[in-house]
Structures are given as structure tokens and as C-alpha cells.
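Protein sequence lines correspond, in order, to chains H and S.
Mind the numbering: the first sequence is residues 1 to 396 in my numbering, read in order.
Mind the numbering: the second sequence is residues 1 to 396 in my numbering, read in order.
Quick caveat, the hints were computed from the structure, so don't treat them as lab data.
One should not assume that every hint holds.
A pair holds if it fits inside one copy or across any two, identical chains being indistinguishable in the list.
[Unchecked claim] Below 25 Å or equal to it, Euclidean Cα-Cα: the simulated DMTMM-like pairs (lysine to aspartate or glutamate) are:
#1 Lys65 to Glu46
#2 Lys327 to Glu64
#3 Lys263 to Asp323
#4 Lys328 to Glu141
#5 Lys327 to Glu141
#6 Lys236 to Asp314
#7 Lys109 to Glu97
#8 Lys236 to Asp225
#9 Lys109 to Glu64
#10 Lys109 to Asp21
#11 Lys327 to Glu227
#12 Lys136 to Asp323
#13 Lys263 to Asp320
Here are the chains, one letter per residue:
There are 2 protein chains.
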Amino acid sequence: MSTDQARSSSKTISTPFGSTDAERLVVAQSTELFSTSQPLILASGEKLGPIQVAYETYGTLSEEKDNAIFICHALTGDAHAAGKYSLEDSKAGWWDEFIGPGRGIDTDKYFVICANVLGGCTGTTGPTSISPQTGKRYGLEFPFITVEDMVRVHRALMANLGIETLAAVIGGSLGGMQVLEWVAQAPDNLQNAIVLASAAQLSAQGIAFNTVGRRAIYADPNFNDGEYHQNDEVPKYGLALARMIAHITYLSESSIEMKFGRKLQDESDEFAFELQQETEFQIESYLHYQGNRFVERFDANSYLYLTRAMDYFDLAARYDGLDAALKKTSARFLIASYTTDWLFASAQSRELVSTLISNDKHVSFCELESPFGHDAFLLEIDQLTQIVRAFLQAED
Amino acid sequence: MSTDQARSSSKTISTPFGSTDAERLVVAQSTELFSTSQPLILASGEKLGPIQVAYETYGTLSEEKDNAIFICHALTGDAHAAGKYSLEDSKAGWWDEFIGPGRGIDTDKYFVICANVLGGCTGTTGPTSISPQTGKRYGLEFPFITVEDMVRVHRALMANLGIETLAAVIGGSLGGMQVLEWVAQAPDNLQNAIVLASAAQLSAQGIAFNTVGRRAIYADPNFNDGEYHQNDEVPKYGLALARMIAHITYLSESSIEMKFGRKLQDESDEFAFELQQETEFQIESYLHYQGNRFVERFDANSYLYLTRAMDYFDLAARYDGLDAALKKTSARFLIASYTTDWLFASAQSRELVSTLISNDKHVSFCELESPFGHDAFLLEIDQLTQIVRAFLQAED
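Please model the entire structure based on the sequences and the hints provided.
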């Protein structure tokens with residue numbers, strides 16, 4: 001579909017979205033952007049095209065096309081932010097409780113879009129995609145990508161839908177980094193920027209944990225330099241391990257203590273030492289479960305590319321200082337951090353807020369009380385609903 | 001050597017120890033304790049014997065045998081706490097700066113002993129040892145061991161050296177757990193207990209990190225159910241990965257930021273993406289180096305057994321409450337924690353101190369300022385020297 005075609009049909013873009021399961025059935029959408037002759041020029045200088053983008057929409061785009069909210073997903077998220085594909089689905093989208101009529105992001109008022117990031121593995125072009133040059137999966141031949149590139153692709157999707165200015169861009173963690181990048185890239189094309197549990201750069205400790213996760217993938221004998229799709233097996237042990245490491249950083253010490261403490265799976269079995277199936281402490285069992293489940297839904301190469309993009313994201317370095325990156329926009333900001341988030345500590349949000357204030361920006365900052373650590377932006381929906389609703393309504 | 005022989009010769013136990021390299025040459029010692037007919041009964045109920053114990057001594061045991069200080073090493077430590085084996089050695093023992101004439105542990109005054117723990121891989125019986133039953137390495141046939149068992153072996157070593165009462169027992173991290181266990185097991189046989197960066201139990205988050213480290217070892221194809229000594233290769237990727245994960249927990253966010261920040265190894269190479277040798281950020285290079293170096297000196301099975309012992313250590317659970325575990329002793333206590341240690345947070349030390357105070361124990365508590373996280377007890381020697389010297393002298 002060319003951009004012109006999309007524009008001509010965009011007046012009718014509508015995904016009626018309600019409160020009951022039946023009213024919340026959604027369709028996975030996809031569009032092709034860029035091309036071999038008109039590729040995206042990546043931050044690295046390499047060229048990439050065509051690029052397929054998977055997305056979903058909830059609600060109805062106004063005739064003025066001024067009511068769109070773009071949701072940026074986090075590291076292992078996807079375009080399926082809300083609703084179900086069929087009534088039989090056991091699970092709804094990852095931010096389902098937050099999106100709908102009268103919810104934090106009110107679909108009676110806003111037209112909501114969520115798209116899978118460049119480099120992902122759930123519909124948008126990434127290392128699992130077929131390279132038009134070779135006719136084979138990219139694997140590690142996929143170019144190095146950055147948060148800047150992800151946002152360029154999503155901005156192209158907005159142009160394709162005929163949306164020039166967004167009512168808001170919102171995201172947590174890597175999603176929050178995308179929001180900040182969006183502000184820097186297109187300062188006049190968004191009215192509100194909502195950054196949750198995020199920062200203008202990942203901490204060195206965060207890089208360290210990502211490093212170890214990637215190393216776990218490389219060390220898996222099934223990794224085969226990223227060419228594992230030719231194997232019988234994907235590098236499932238390495239990927240599960242990477243997820244387990246990351247998962248610990250998403251939880252707070254207090255949430256682990258509350259949920260699991262030092263409880264054994266089977267109190268009668270005090271001196272069990274089953275090395276291959278080490279599930280004596282409940283936290284162990286939980287991490288193994290999380291690791292194994294992740295392998296079913298995520299691609300190892302994508303994990304490498306996306307964590308690398310997260311490591312390299314550095315808004316200040318890219319735009320010659322944080323001031324320079326943020327000063328041009330007229331967007332209003334809502335920055336929220338969580339008391340027990342140690343991966344993206346409140347101090348990093350405060351730094352961002354200081355810069356915004358010193359540049360005379362309209363900024364609201366909340367340090368939210370939660371025991372759930374970094375994951376709180378995905379779990380504490382009532383709290384998030386209150387602050388996001390208040391922030392967006394205050395504009396009216 | 002039987003216990004009687006050791007006792008008859010123990011009057012002369014002396015390892016003259018000075019300040020110059022030549023005066024600090026030490027000899028690795030070893031003795032066999034327990035036997036097939038008189039085994040150690042482990043906490044699990046299993047029997048183990050004979051048990052070889054590797055140890056070192058520094059200084060001279062008084063005729064009254066009342067000046068001995070026992071050093072409990074941490075997870076991956078060994079008996080080589082101070083001095084060098086030869087003048088050509090590039091490195092001295094792991095607490096070298098802390099032990100010697102006029103140092104924190106003054107060898108002009110004290111006779112200092114450090115021994116490798118049960119389950120270790122540097123001289124004391126562990127999974128790499130040959131089982132007398134099978135004539136082969138124990139591997140995963142080695143029995144499940146606990147901190148309680150480690151201390152029983154070291155107490156047997158003291159008996160073997162004819163030492164009934166210790167002037168002090170000191171240790172950090174897993175070493176501090178051993179000190180607490182020593183107090184509980186032999187409340188009348190030590191005068192001073194010095195517990196650094198430790199706790200009466202590992203946090204659930206600590207268990208989580210250990211779990212992931214062990215999983216990395218199991219997932220290494222060279223692990224071969226612990227029978228890797230028959231292979232050409234040990235599970236080096238898994239063990240290195242386990243060390244990298246653990247190493248992050250030993251550092252503080254601030255120490256990583258100070259030392260590495262987000263600095264690239266080669267600033268000119270902004271978009272490098274060498275997956276197999278991922279050393280773009282300096283913290284990555286450092287962790288890879290630490291992981292690879294660790295593999296040269298440590299055994300994977302030992303790592304499994306010792307981390308498991310650390311996970312299971314729970315003084316209160318074992319002795320029917322923390323009060324019961326600590327109330328019988330007349331020892332004086334020095335408890336020290338570090339401001340940036342998040343693996344063994346100060347709150348855990350404070351809990352211990354509260355229990356000691358409510359049981360009318362003599363206790364000194366210091367929360368020491370350091371940017372170095374959990375590793376501070378190995379790095380901040382001047383600070384440690386001051387508090388330990390003051391604590392031991394106050395007794396005189």
C-alpha cells in the first residue's frame with residue numbers, strides 16, 4: 001500500500017472498541033513501508049527496505065486526525081496491547097486493563113495505535129524476516145538498529161495512516177526511551193509525552209545485565225551464529241537464561257520477598273538436590289517457568305538486537321546534550337517512576353525532569369509507590385489510570 | 001595424622017610472618033580428618049569421611065593456645081588468605097593487606113588460620129575429590145552440604161591443632177554466615193565474632209541470582225551431569241556466565257558507574273556489533289574477563305554445592321529462632337555492613353544487631369561508607385583495619 005493510498009482511505013480508520021470481550025475483538029494489521037529503492041537510512045548509515053510493520057488500533061480516528069495516541073511497547077512487548085483476537089483467547093493484550101472506554105487511555109475519546117518495533121519478532125521486520133537480497137532469514141545479517149530507527153519506522157507508519165500530530169505518545173521502559181526519542185526527532189508532532197519507568201539512557205548496571213543475557217544466548221550450542229532456524233532446535237536454554245536474569249531485574253527485592261520469600265516448593269524435602277530440575281525454592285520454580293515460557297514467544301536474535309538498541313540509547317550523546325534533545329518541543333510531559341524500580345531508578349527520572357523544568361517545559365512528575373519494581377508500569381493499572389487520566393484531562 | 005599426634009606437636013605451631021615479601025612466604029598445609037569408620041555426620045544425615053582439609057597459618061600459636069583467629073572465606077575464596085608461596089608469585093593471598101604485623105589482624109599478636117571449606121575445590125574435600133568408595137571423583141555423587149557442615153569440619157581442624165577456644169572468628173559474606181553458625185554450634189569456644197557484609201540468611205533475590213547461575217552451568221553441554229572431568233572440556237561457558245551474573249551483584253551501581261560508566265572500549269567504533277566478542281562497553285569487557293579468569297581457578301560442581309549451601313543457610317530456621325541460635329554465647333560481636341551493598345543489605349545486619357542487643361550481647365555495629373558494594377570487605381582494607389583493630393583492642 002503506498003502512502004497516498006493510505007491517506008485517501010484514512011478518513012474511515014475505525015476499530016470500534018468497547019468493554020465486553022465481544023466488543024474488544026481486534027485484528028492484527030500490517031503494512032509495508034519503505035522499499036529497496038527508497039529504503040530507511042538507519043542511524044548506522046546502512047539501508048533497510050522494505051519494512052513490514054505489524055500494528056493494532058483501538059477506537060476511531062477523528063476527522064481532524066487529532067486524537068491519536070501512540071503506544072510504544074517495552075523490550076519484549078508487541079503490537080497486541082489490548083483486546084483479544086478471538087473469544088477463545090485465554091489472554092488479552094499486554095495493557096488491556098489500561099485501554100478502553102473510560103479507561104486510562106479512553107478509546108471513546110482517542111484513537112489508539114500500538115506497533116511492534118523494528119528488530120522485533122512479532123510481525124515487524126527483524127532478524128527472523130526474509131531478506132529480499134538473499135531470500136533467507138536475516139539472522140545476524142540484519143543491520144544494527146537503534147531506538148532512533150524504531151521511532152523513524154513508527155513515524156513512517158503514522159504518516160502512512162495520515163496522522164501528522166499525535167495527541168500523545170506513551171511508553172514504559174524501552175517504550176519510554178522511544179517516547180523521548182520521538183520528542184527529539186519530531187518535537188512539533190506530539191502534544192503529550194508520557195514516560196514511565198524509563199530514562200534518557202540505560203545505567204551501566206543495566207548494560208551489565210543485558211551483556212550477561214546476550215552471552216547466555218551466544219554460549220548456547222544451538223545458537224549457531226544466529227543461524228538456528230536451520231537447526232532442529234532454537235537456543236532455548238540461552239534465551240530462557242537471558243530472560244531469567246532480566247526477570248530478576250524487573251522485580252524488586254520486596255516483591256520477591258512478599259511473593260516467595262524463602263519458601264520451599266515442598267517443605268518435606270529439605271535436603272533435595274535435584275540438579276537438573278532445581279525447584280526447591282519457589283522463586284526458582286517461578287524463574288524457570290518464566291524462562292521457559294518466554295522461549296515459546298520470543299526470538300533469540302531479536303533479543304540480541306533489541307537489548308543492544310537499549311544499551312546504546314543515549315539521548316544526550318545523540319543530540320548534543322539533553323537540553324538540545326528536549327528544548328525544541330512544545331509537548332507537555334508526564335514522567336513517572338516507581339519507588340522500588342532499581343533498573344530505572346527514580347533518580348534518572350528526576351534528572352530528566354530537572355532538564356525539562358530548566359527548559360521551561362510543562363512537566364508533571366510522579367514517583368509512584370509500588371512494591372513491584374520495574375514491572376509496576378505493567379501491573380499497577382489503577383494507579384497509572386489515575387495519573388494518566390488526570391494528566392490528559394488537565395489539557396482540555 | 002591422628003588428633004593425638006597433632007596435639008602432641010601443636011606446642012610448636014608457628015609460621016613466622018613479617019612485612020616484607022621474603023618474610024611472608026607461606027606453605028599450603030593439609031590434614032586428614034574423620035574416616036570411613038568415624039565419618040562426619042552431615043546435616044542431611046549422610047556420612048562423609050575421610051575429609052581432607054587444606055589450610056594455612058600465619059604467626060605463632062601461644063603456649064596457652066589462646067591467641068588463634070580463624071578466618072572464614074567467602075564463596076569462591078580459599079585457604080590462601082595472605083602471603084605468597086614463592087617470591088615469584090604475582091599475587092598474594094586474598095586478604096593479604098589485612099593480615100600481618102601491625103595490620104588489622106596482627107600476626108605479632110595472633111596466630112591466624114584460614115582453611116578451605118568443605119565442598120570447595122582448592123584442597124578440602126569436595127566434588128572434585130576422589131571418593132574412597134568408587135575410586136572416582138565424586139561429581140554430583142558428593143553429598144548435599146550445608147554451612148553447618150563446613151563449620152563442623154573447621155571445628156574438627158581446630159581440635160586437631162589442639163585449639164579449644166578461638167580469640168576470634170571472622171568472615172565476610174558466606175564467611176560471615178560461617179561465623180554466625182560457629183557461634184550457634186560452639187557458643188563457648190570463641191571470644192569474638194566478626195561478621196562482615198553478611199546475614200543470618202540469604203535474601204530471596206540472592207537465591208534468585210544463584211539459581212540463574214546454577215542454571216547456566218547445567219545448560220552448558222559440557223556439564224554432562226557433573227561428569228565433565230571425563231570430557232576434554234569443563235563447562236566453561238556456563239561457569240563463566242554464573243560468575244558474571246554473581247559479579248554484578250558484588251558491585252554497586254555507583255561503582256560500575258564510577259569505573260566504567262557507559263564508556264566504549266573503542267570510541268571510534270560506535271556501531272560495532274561483534275556478537276561473539278561483545279566488548280563495546282567497558283563493563284562488558286570487564287565482566288567477560290572476570291568470567292573467563294574464574295573458570296581457570298574454580299570448579300563448576302563446587303560452585304553448585306557452595307551456592308546451594310548459601311541458599312539453604314537459615315540460622316533462625318535451623319536453631320528454632322535467631323534468639324535461640326545466638327543467646328548462649330558469651331562472645332563479643334562486631335557486625336559491619338556497607339552502604340552500597342545490595343546483596344547483603346544493611347537492614348539484614350541491623351536485624352542481627354537487634355537480636356543480639358535484645359539478648360544482652362556485647363555488640364558493635366558499623367555501617368561503613370563505601371562505593372564498592374558487597375565487594376567492599378575485600379577492597380576497603382584501611383577502613384576494615386581501623387574497626388577490627390579497635391574492636392579487638394577494646395577487649396584488652
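Can you list which hints this structure breaks, lowest number first? Violated hints: 1, 2, 4, 5, 6, 11, 12; rest satisfied.
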